[in-house]
Amino acid sequence: MLVAIVIYYRCRDQLELFQGNRLQRFVFHMWCYYNYERMRRGADFYLLQSNSTYVNSWSALQSLVIITAGYLQLYFLKRLFKTKPAEGDKPRC
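Here the sequence shown is numbered in the UniProt record's numbering, starting from 1 and rising by one per residue.
Calculated from the structure, these hints are not laboratory results.
Owing to the predicted nature of the structure, the values given are computational and were not obtained by experimental measurement.
No farther apart than 20 Å at their CA atoms in a straight line, the calculated lysine to any residue pairs in the SDA-like style are these:
#, residue 1, residue 2
1, K82, G70
2, K82, L72
3, K78, I67
4, K84, L74
5, K78, T68
Build out the structure end to end from the sequences listed, making use of the hints.
Pasting the structure below:
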């Protein structure tokens with residue numbers, strides 16, 4: 001982002017030194033602005049891509065934690081109701 005700002009200001013300084021007719025100055029100014037915005041868009045794209053990777057990895061981890069917690073709850077709940085038959089007892093149906 002900082003590089004884009006420096007390039008924009010350098011381009012703007014060149015615009016002041018540019019000796020041409022009015023239309024050429026306007027075209028040069030728009031070209032500088034276009035390059036600046038293109039660099040900003042590129043920086044924003046890489047930021048979005050980085051955030052997407054971060055969000056996706058944490059979402060996958062949280063999903064795994066939720067599934068593991070559900071499995072452990074089911075396991076301990078089943079174990080809570082498990083009964084061991086005493087010696088001499090008839091088996092239950």
